[in-house]
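Just so you know, the sequences run in chain order A and B. All residue numbers for the first sequence refer to this note's numbering, where the first residue is 16 and numbers rise by one. All residue numbers for the second sequence refer to this note's numbering, where the first residue is 238 and numbers rise by one.
Since the hints were made in silico from the structure, they are not lab data. These figures come from a predicted structure and were not determined experimentally. Note that CB positions come from ideal geometry on N, CA and C, so glycine has one too. A hint or two may mislead.
With a cut-off of at most 25 Å between alpha-carbon atoms, the simulated DSS-like pairs for lysine-lysine come out as follows [as the list claims (entries may be wrong)]:
1) B/378 <-> A/64
2) A/151 <-> B/621
3) B/299 <-> B/400
4) A/151 <-> B/624
5) A/91 <-> B/378
6) A/151 <-> B/378
7) A/91 <-> B/273
8) A/119 <-> B/624
9) B/403 <-> A/91
10) B/624 <-> B/495
11) B/275 <-> A/91
12) A/91 <-> B/671
13) A/64 <-> B/671
14) B/661 <-> A/151
On the chain B side, residues computed to face chain A include the following (Cβ under 7 Å) [said to hold, decoys possible]:
15) 330
16) 333
17) 553
18) 653
19) 655
20) 665
21) 666
22) 667
23) 671
24) 672
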Amino acid sequence: MKTEKVVVTSTHGRYLPVVGHIMAGFPTPAEEELQDLLSLDEYLIPRPKSSFMVRVSGDAMTEAGILPGDLVIVEKGRNPKTGDIVIAEVDGEWTMKYFRKEGKNIVLEAANTKHVPIHPQVELRLAGIVTAVIRKYHQ
Amino acid sequence: MNNTIFSLHRWPKAIIHVDGDAFFTSCEEVIHPELKGKAIVTGGERGIIACASYTAKKMGIKRGVSILNAKKICPGLLILPSDYETYSLFSRRMFQIIRQFTPQVEAYSIDEAFADITGMRRALRSSYEHIAFQIRESIGKELGFTVSVGLSVTKVLAKVGSKYQKPNGLTVISGREISGYLENLPVQNVWGIGHATTNYLLKMGIRTALEFARMPESMVKARFTKPGVEIWRELRGESVYPVLPEEKSDYASISKTKTFAPPTSDPDYLFAHLMRNLESACIKARRYRLLPGRIVAYLKKQDFDCAGQEVKLNRPCVYPMELTGIIRAIFAVLYRPQEIYRATGIVLLDLDRSVERQYSLFEDPVKPEKIRNLYKEVDAVCHKYGKHSLHLGGSHLLEEQGKGRRGEPTVREQTMLFGETKRKHLPLPIIHLKV
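Let's have the full structure, built from the sequences with the hints guiding it.
Okay, here's the thing in structure tokens:
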């Protein structure tokens, strides 16, 4: 196995190879699997043309694992489904919440018991759907 | 009169022009959703409005007006510094979206593109009109702002179309419908017709684009230079200008310029900018492995008058360290202490692909070779720590005082994400929301 080929850099970022499962005692066919590489960029941001970043400041989604200071990837131009995390403007205020459809009504729910569910009265403007969260611990 | 038929075919060619609607302020509205629909302008750092939102335009605020005057017209006006980092990200995305429909896309400026979709009907299973519609919709949906689209048989006519209805317009001018769109179009609004040509045409009694297009060929050829004849043909539906997709690796010239605010006559500051232009141009040339044989340096005065000087090198060179003396000499020739300058610029010409270098008989090749090796390291350092992190003393002044002179930093410049450096930012636009 050529070790220098394990990490390949390209203009899209650094490719980390997905290496096969190890069966005890047998060599892995890692070399054959090297051809299917997904960069972390492609993995986290599959549609870069319509993706944006938002830095989280509130605590509405802490129980969903999104903490203040986290970076979320937000995708524009997609219709939300129940269970998606969305960034939306409700009656003049922007929030990040779970999106849920109850019949014809829309409910926005926080993942934090401190926040009560929101039932949009007048208008719901969508900035996008949260597709990934990024938290970096070291420089 | 508008029954003139210039072309018997509806679509001898199908060319699209996409034009961003108030592009800079539209980008700002996407990354600051709370600003949507408000009277905002960009260009705060220059003191002159670079772009006004449609709400601001309705209040009578136009591009090119001074910020001071604009504030008098509209006291509640929101003035933002230009955030070119974000605008370029949006610009590149806009071109990428258009490239999904055809590979023949020309990025004409930061907010404009031409696309040749001739022959794409079968591949995309749509009419030309529908392709144009889809391009406009995709940009609106994925980027969150509107563009105006013109579809016609030539570049000049496509541009007539994109201007015809704005914002969020879609204007289709097929070969048979040309005259109807030119009838009421003042000839000076045609792309490529400047001040001098307009005045010349007025002397002949020609006011509209249609009157110009209807001039007989012999008269046009006798009275106009080549560009004039070309525009005349394009207006008549005969495609002269091809849509040129960018060929990134082959440049005829590389130019770097910088406009600063406020304008100045400080020689150290001007020279530092000229050196920085040179460094930036050389970085680009090195990236594409091109060697310039000629260099132009220029200073632009406050009244937009330009003073430039050209130098032919006795051997091609892309290392600012070797070129400093030449730039200093040009600067000494160009600079007048009593003038106020607003911009500096460098152009590299006669770009050569060859890597072989020949030294003259009386030259000591050791020094240039040393400099070449030095720049290998410089490029490596800059790749790691950001562009210009290692630079010449001549441009260092900008690091010390350059930022302060540019006025208020943009929100993006004030936002440093964990792991980013001042010069290296993540390549996605940030939506600045408190959530």
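Evaluation of the provided hints:
1. Taking the CA atoms of residue 378 of chain B and residue 64 of chain A, the gap is near 11 Å; set against the 25 Å cutoff, the hint holds.
2. Our distance criterion of 25 Å between C-alpha atoms is met by residue 151 of chain A and residue 621 of chain B, whose separation comes to about 19 Å.
3. Taken as a hint, the residue 299 of chain B and residue 400 of chain B pair is honoured in the structure, with Cα atoms around 16 Å apart against an allowance of 25 Å.
4. Under the criterion of a C-alpha separation no larger than 25 Å, the hint pairing residue 151 of chain A with residue 624 of chain B is consistent with the structure, at around 24 Å.
5. Restraint check for residue 91 of chain A and residue 378 of chain B: the C-alpha separation of about 7 Å stays at or below 25 Å, so the hint holds.
6. The hinted pair formed by residue 151 of chain A and residue 378 of chain B fails the criterion: a straight-line CA distance of about 30 Å is larger than 25 Å.
7. Between residue 91 of chain A and residue 273 of chain B the CA atoms are separated by roughly 16 Å; this keeps the pair inside 25 Å, and the hint holds.
8. Restraint check for residue 119 of chain A and residue 624 of chain B: not satisfied, since their Cα atoms lie roughly 53 Å apart, outside the 25 Å limit.
9. Straight-line distance between C-alpha atoms of residue 403 of chain B and residue 91 of chain A comes to about 24 Å, which keeps the hinted pair within the 25 Å bound.
10. Distance check on the hinted pair: residue 624 of chain B and residue 495 of chain B sit about 16 Å apart at the alpha-carbon level, within 25 Å; holds.
11. For the hint pairing residue 275 of chain B with residue 91 of chain A, the CA-to-CA distance comes to about 22 Å; that is within 25 Å, so the pair holds.
12. Between the alpha carbons of residue 91 of chain A and residue 671 of chain B the distance comes to roughly 18 Å, so the proposed pair stays at or under 25 Å and holds.
13. A distance of roughly 23 Å separates the Cα atoms of residue 64 of chain A and residue 671 of chain B; the hinted pair therefore holds under the 25 Å criterion.
14. Using a Cα cut-off of 25 Å, the hinted pair residue 661 of chain B and residue 151 of chain A holds, with the two alpha carbons roughly 16 Å apart.
15. Because the beta carbon of residue 330 of chain B sits about 5 Å from the nearest beta carbon in chain A, less than 7 Å, this interface hint is met.
16. Taking 7 Å as the C-beta cut-off, the interface hint given for residue 333 of chain B holds, the closest approach to chain A being about 5 Å.
17. Taken as an interface hint, residue 553 of chain B does not check out: its beta carbon lies about 27 Å from the nearest beta carbon of chain A, beyond 7 Å.
18. Among the interface hints, the one on residue 653 of chain B is violated; its C-beta lies about 11 Å from the nearest C-beta in chain A, farther than the 7 Å criterion.
19. Here the hint on residue 655 of chain B is kept, as its CB sits about 5 Å from the closest CB of chain A, short of 7 Å.
20. Interface restraint check for residue 665 of chain B: the shortest CB-CB distance to chain A comes to about 5 Å, inside 7 Å, so the restraint holds.
21. At its closest, the beta carbon of residue 666 of chain B sits 5 Å from a beta carbon of chain A; the interface hint therefore holds under the 7 Å criterion.
22. The beta carbon of residue 667 of chain B is positioned within 7 Å of a beta carbon in chain A (closest approach about 5 Å), and the interface hint is therefore held.
23. Interface hint status for residue 671 of chain B: upheld, as the beta-carbon distance to the closest one in chain A is roughly 5 Å, under 7 Å.
24. Taking 7 Å as the C-beta contact cut-off toward chain A, the hint placing residue 672 of chain B at the interface holds, the least distance being around 4 Å.
Violated hints for the displayed structure, listed by number in ascending order: 6, 8, 17, 18.
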